[in-house]
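These protein sequence lines map, in sequence, to chains G and E.
According to the working numbering, the stretch in the first sequence is residues 10 to 119, in order.
According to the working numbering, the stretch in the second sequence is residues -2 to 117, in order.
Don't read these hints as lab results, they were simulated from the structure.
Here the structure is a predicted model, which is why all the values come from computation and not from measurement.
Which chain E residues face chain G? A few, computed with CB under 8 Å, are given here: (1) 43; (2) 49; (3) 101; (4) 109.
A virtual CB, placed ideally from N, CA and C, is assigned to each residue, including glycine.
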Amino acid sequence: QSALTQPPSASGSPGQSVTISCTGTSSDVGGYNFVSWYQQHPGKAPKLMIYEVNKRPSGVPDRFSGSKSANTASLTVSGLQAEDEADYYCSSYAGGNNFVFGTGTKVSVV
Amino acid sequence: QLQLQESGPGLVKPSETLSLTCTVSGGTFSSNNYCWGWIRQPPGKGPEWIGSVYYSGSTYYSPSLKSRVTISVDRTRNQFSLKLNSVTAADTAVYYCARRLEEMATIDYWGQGTLVTVSS
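Extracted from the complex, chain G is given alone in its bound form (with noise of 0.2 Å):
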């Protein structure tokens, strides 16, 4: 199993928007619609922020939404504040009871 790819960084200033991608193959995020994306910050543990591609737990903003097309998940932060600084990872169940973590992205509020 490889790691998904993400992108090493993006960047968006106060009150905009950023993407991050997360792609995978037909047999991880293409399979399977539970795609989930974690926000860590630096010394601390993920904490999850999307599941099920677009779902999000109790307590998360509505300014964090997920998508999907074919193999490649996004998660789309809007109105980025100071606190999304943080590095984001998806993760993708690969079938067999295994899941697959990506490279991870570091986003930067600008």
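Starting from the structure of chain G, add chain E where the hints point.
Below, chain E without anything else, positioned relative to chain G:
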């Protein structure tokens, strides 16, 4: 509020066995709605799924680590454990324990993580 806490040595010698335990508190340990898993994250890299264990004791491992990994559950102590044998420097990482929701196939609770360094 559910809490997970990893414990174990922070330094392991090459070729030896890495052993970690995760203690779960503040919630229900036994349920068919979720399983307990281990994830690791090498410094500066993305997370890697290691494997999971159900309350029943059933286990599933990442194909890339399957030959070296054992995950077990201790129902009397609300704990589950990870053993990774024949470690090398490539196994140096922050190791997280976590809860994975079965139906949604997502991780909703993570431990704080513990850094394990493999070095002589």
